[in-house]
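Novice: Protein chains in written order, with the working numbering: chain A, 3 to 452; chain B, 59 to 706; chain C, -2 to 139.
Since the hints were derived computationally from the structure, they do not count as laboratory data. Every value quoted in this text rests on a predicted model; they were computed, and no experiment measured them. Please note that the accuracy of each hint is not assured.
Claimed, not checked - Distance condition first, Cα-Cα at most 27 Å in a straight line; then the derived DSS-like pairs of lysine-lysine:
#, chain 1, residue 1, chain 2, residue 2
1, A, K63, B, K267
2, B, K288, B, K335
3, B, K509, A, K318
4, B, K301, A, K335
5, A, K48, C, K28
6, B, K150, A, K256
7, A, K385, B, K500
8, A, K25, B, K500
9, C, K133, B, K169
10, A, K318, A, K94
11, A, K25, B, K118
As a plain string of letters, each chain reads:
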Amino acid sequence: MSKPVLVIGGGISGIQATIDLAKHGVEVYLVERNPSIGGKMAQLDKTFPTLDCASCILTPKMAEVLRYNNIKLLTYSEVQEVKGNVGDFTVKILRKPRYVDWDKCTGCGTCTERCPVKVPDEYNVKLGQRKAIYIEYPQAVPRKALIDYSHCLRLNPPPDLKEKAKGKPLCGACEKVCPTKAIDYNQQPEIIELNVAAIILATGLELYDASNIPEYGYGKYQNVYTNLEFERIVSSTGPTNGNIIRRSDGKPPKRIAWIQCVGSRDVRFNHYCSAFCCMAATKQAILAKELLPEVDTTIYYMDMRAFGKGFYEFYKRAMTEFGVKYVRGKVVKITERQDNKNLLLFYEDTIHSYMKKDEFDMVVLSVAVRPNRITAAPVKTDKGGFIQIMDPYMDTVTSTTEGIFVIGGAAEARDIPDSVTMASSAAIKASTIAKKCVVEQTIITSGERA
Amino acid sequence: MIQEPRVGVFICHCGHNIAAKVDVKQVADYAKTLPNVIVSHHYVFMCSTVGQELIREEIKKHNLNRVVVAACSPSMHEPTFRTAIESAGLNKYLLEMANIREHCSWAHSDKEAATEKAKDLVRMAVAKASLLEPLEEEEFPVSPTVLVLGGGVAGMRAAIDLAEWGFNVYLVEKNPTLGGRAALTGWLTNNRRGADVVNNLINKIVDNKNIHVFTNAELVEFSGFPGNFKAKIKVNPRFVNEKCILCGECEIECPIEVSNEYQYGLSRRKAIFFPFKAAYPPIYVIDQRVCIKCGECVKACQYGAINLAEQSLTLDLNVGAIVIATGYDPYHPPKGEYAYGLHNNIITLFQLERLLDEDGPTQGKLIIGGAVPKRIAFILCVGSRNTTPSSKNYCSRMCCTSTLINAIKIKEKYPDIDVYVLYQDINTYGNDETLYEQAGEKLVKFIKFEKPPTVDISPEGIVIDVYETTIQEEISIPVDALVLSVGMVPRRDQNELIATTRASCGEDGFIREVHLKLNPVEAPTHGIFLAGAVTGPKNIIESIRAGSAAASKVATLLSEGKVRTEPFTANVNEERCSGCRICVGLCPYKAISLREINDRMVAYVERALCMGCGTCSAACPSGAMQQYGFKDIQIMAQVVAATGGGIK
Amino acid sequence: MSTNNYEPRIVVFACNWCSYAAIDLAGTSRKLYPPNVRVIRVMCSGRVDPQFVLEAFKNGADGVIVAGCRPPSDCHYINGNIKALRRFTLFKRLLEELGIEKERFRLEWISAAEADKWVRVVNEMLEELRRLGPLKAEAVSV
């Protein structure tokens, strides 16, 4: 039997690499720090330029992960340490306590209904709420409940309530209602150690903190949104059930502006281009037009980077078929009107060469992405924090350590087709290494099931 | 014997995607009234774990033996639901899907009409489902051999990855050398050239015993099925064999001189020639299109390496899969487009790359029209983004970065040259943005246009007139040399490829993948994989990655050592068959023959060869030939239900 | 049925690889068209037996479309579309003899990328059928 491969990160890149490896006949561990796999793509409503619904094409892949016997899925887990060399890496993984026995949990959701604690929901970028015991999102894989320790009244009671209770345990609502007796308040963190032949880093991207950019007032002006927030708002599974409404008054906007290159291509923040935001904004403007046919949509851009297959055609279609407007120019500043919370944009139109002011009732910032930080793996990162590829022309997915590969957003800001291409690319290299490392017994830990 | 049908109907909301336009509850209630339907349900996401569990539970609870899922297109979730019903103990082909999303809720605006249509689609699905039978797939061993078509970076990388994994690889290249266009791409970064990348790959290929290279060779016939394709390769004569030591004596004597395509026409070569420094195999070649067989080269060769009587040979290969990595052509501007062809100092970006390359015709010196230009301009989007009448619709992705790399290189070598870049949008996506910054630091002048510039040839030289948007003025730029940053177009011979392999192309003319987002290296036909720029413009890194990705997908197909047949094959009812032979001639895969059964000649279907088109079934006069999953009675039931004939 | 609210019903036989995918694409790209069509999926247009078409007319279809991959080379099964072309060229002549106007039947080549063409074909045929009115019952009493 060949030695297993470890994939770190369960977004679309990690999922694709895992499935390819499994089909190559190699044993794979897929480690994801969140409770469910799916990554950023699971938060998207539709994808460009096909307007396919993201979950429609992603969910089957997520479900596929559970179908292979040679895939061991370890969600809500973090890699703490990586030692060794190609063919022989020793990895320590922390399995965070879920306080729910996942072998017993059926994902019925009864516990979440009864839980009294409401917490901002990370899946909906805190635009909605979830409970302290929760299932990450409806199509989560695995679809299992877990308790968020920091907000649970039972596990981590606020000091005042604790005092009042005089030593008696608090709440326990979930334990009372769980039909399968899956709640386990005593679950402890667990560290497991694996020996693997190769590692694929697919740790992905996060949004740059838009409130660092002073001139756009994100966090200060209510009707300024990030692109990921807007994605959740237009999504039928999002906090507004797919209704585009303003944070300030709950009314649908009449004019929406998108501002490109927020935090990217900007020497103050990040030099690089985030690669997909031009098309993502174009897609979002089309979705806005579909949901609110009367809405006026304008995209402020520096260069329209419609470079991928079908992108330029999509951009033209947005303009001609959907009436999305494009203004070439950088928005210098946004101010908020006190009376109606509308937003005034000051910008230079570089095609007509004049300074202008315009009023919108919603603004979406196409915020830069940046790599999630990973400290455990012995690899070098570049200025932007992306994991460095040793030699992009010779070994296009190999990190600075032989046997450790890097794919998707962890290596560079990339769109989905480029990410899955990198994923398959790393999979063949990792399985080639794994096949040469023969061991007697492989999988020692059981992973998550449906 | 078919059991009494017990159908369960499961209707998906797909969030709002279906439920906003189709009254799913009404459809579910309606489904209950249909013949053979035992239960019907609607749920927000049938494809979710919970939705699938609901289906499994209901199958067990009601002893269902047929399932209808009304949701998205079968191309989306048919495999998902097949697996779901299989895990509940049903044969997975006892599923029928009603496409009420793509064909209904997404296509129609009127809720009432869409709901009525959804009911009809469910009725049709139930009618067919009631007549479905369990089907079995057969397994066949596969050939652990892969044909890679195209010896550019994508094809070479695919071949190397496949060979290292353990497959036997035939790498077939149409030209006399490996390397493809990347070998001619000059500078990629400050200190690396396309030739370096190509050399690195060629060295790996030479070292690998699992790779069999055929240059000067082409695919002429391709048939069979995934795991067991038959490929006929024609190897054209090279007329020079391994005894060649690259001394070059033959070349000196050869009287025929033609334009050298390996320098994009910037220099000339002989009929017997060696393509470029790193070419592989390291053997001279005679271009049979221009050779007059005078025999001068044979006389000049001291090693007896030349044989003008060499014939082409054909190879019959049995391969498990094919990787198509045949690349692209550079856009060729028509004469007069930006004055192309009207002045010697107007060249394409591909030609400029040759000039700046140390292996190029000027050994890396920027000599255009006999001198080093003082002012040079690049025009971007030539042939791309609809800029001129003959331009393509799409963006060619790599020209901006290539232009900037070369502009920076010029500024490094010749700091005094004025370099202008005329552009619409600069597409230095991702980390390549640093090139844009560097070019700015090196004082490359960027000129933004909305309306494509015009180029005039005057006695003084080349003059570019352009409306500069930032200063809102028409400006004239006299230059000594003009570089047209031309894009990438599908290969001229692509139609032959399509005809041979049954690959197909999309609206942009490039070969189409099965799904743009998630399956970028797989063709719609199973067993055919795509790598590099054959599916659309890509840079070298992206092409190499696609080569590896295609190799990975091949391994997912062949690693098990076996593949399963199509379930929807044809099948003969031997008692009904009259042996008329109509089907034998119709079958495109030669899967049908006649054989004797009980002293009668009847049709016989070789299941491994049958791809399940059903044309034999449509033509069979006696109804003896039936296609599994698409039998006459099953389709007829759908027809009756579709026309409302099934409603009492 | 009065001709005022006459809604023609069209039965479509679409090959799995090109035309069915094009109809999917029309939906995915939200290209709207009238809901009068009912699509039956077959693997190849070469699978469509003229008998299916007659059965559709007999049961009340006002129009029938057989849609396949574009000749010559788009067919997933080498040349199933050409076989359909041969069969239905002959069949069209037969239709007229049966008293069914030839406009009620169309053989169309729609590639997987041609969602627009699909929408156009549906609209054109509907217009034609509205002009012709419902199919006469005696024509299909075959």
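Novice: Hint compliance check: list the failing hint numbers for this structure, sorted ascending.
Specialist: Those not satisfied are hints 1, 2, 4, 6, 8, 9, 10 and 11.
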